[in-house]
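Just need the whole structure built from these sequences, with the hints factored in.
First to last, the sequence lines map onto chains A and B. Per my numbering, the first sequence starts with residue 1, numbered consecutively. Per my numbering, the second sequence starts with residue 1, numbered consecutively.
Honestly, the hints are just simulated from the structure, not real lab data. Treat each hint with caution, since some may be false.
In the DSSO-like style, the derived pairs of lysine-lysine whose C-alpha atoms are separated by at most 27 Å in a straight line are [to be verified]:
1) Lys68/B with Lys56/B
2) Lys68/B with Lys44/A
3) Lys71/B with Lys40/A
4) Lys5/B with Lys36/A
5) Lys5/B with Lys40/A
6) Lys44/A with Lys71/B
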Amino acid sequence: DTAVSQTPKYLVTQMGNDKSIKCEQNLGHDTMYWYKQDSKKFLKIMFSYNNKELIINETVPNRFSPKSPDKAHLNLHINSLELGDSAVYFCASSRPTSGRSYNEQFFGPGTRLTVL
Amino acid sequence: DQQVKQNSPSLSVQEGRISILNCDYTNSMFDYFLWYKKYPAEGPTFLISISSIKDKNEDGRFTVFLNKSAKHLSLHIVPSQPGDSAVYFCAASAPGGNQFYFGTGTSLTVIP
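So, in C-alpha cells, the structure goes:
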C-alpha cells in the first residue's frame, strides 16, 4: 500500500535516447511534483501539476515533459537524454495549497537515472 | 540561486546527546518551513513544520526553532538515537505557493 510509487527504481541508458519515469499516488492528492536531486544533493523542483495548472521551473529544458493521464499519475518523459541528466528523480504529491494553507509533500522512493 | 542553505553537509553526535541541524534562507517572503528526513534509497519523509507566526514547534523529541530576523531555523533532536541517522532536508515556501525550496541536506550520524 505504497503511498507514492515510482518505476523504474534504476534506469541506465545511452545518450540521445528517450525515456519515461512513471509515478503513481494512492493518497487522493490533487497536486503532484517532480524533483531532481543532482550530484551536489541539491533537491530542485522541476514541475508542479494539478488538474488545473502546470507550473514549470523555467530552468528545466523542454526535453523534459510531464504527462498526467489522470489525477493519480504524473509521468516524466525525457527526450534526447544527455549526460547531465544523470540524477535521482523524485516524484511527490500533496493536497492542494490555497491561500495560507500549506500541506507537506509525500515523496516517492526516487528513480536513479544514469546516462552513459 | 539557492534560497535555502544548509551549510553543514554532515554532523556526528553521540547517542543520547542533542543534535542541532541548521538552515538559513534568503527570501524574506518565505513563511512556512519544513524538515524532511531521508534514509538511503528512500524518498524524503515529512518530519516537522513551522509557520512564520511561531518561533517554536515541538513534536516529541523534535523541536524546530525559527528566527525570522536572522532568516534562520534549526532542528533540535533530543535525545538523539541511532535510528535518527539520516539526511535531513530543510524546505521553505512563500504564501500560497505549491513550490517548496529545499536545502542540500545535512547527513546526521548518531553514534551508539
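Structure-inconsistent hints, enumerated in ascending order: none
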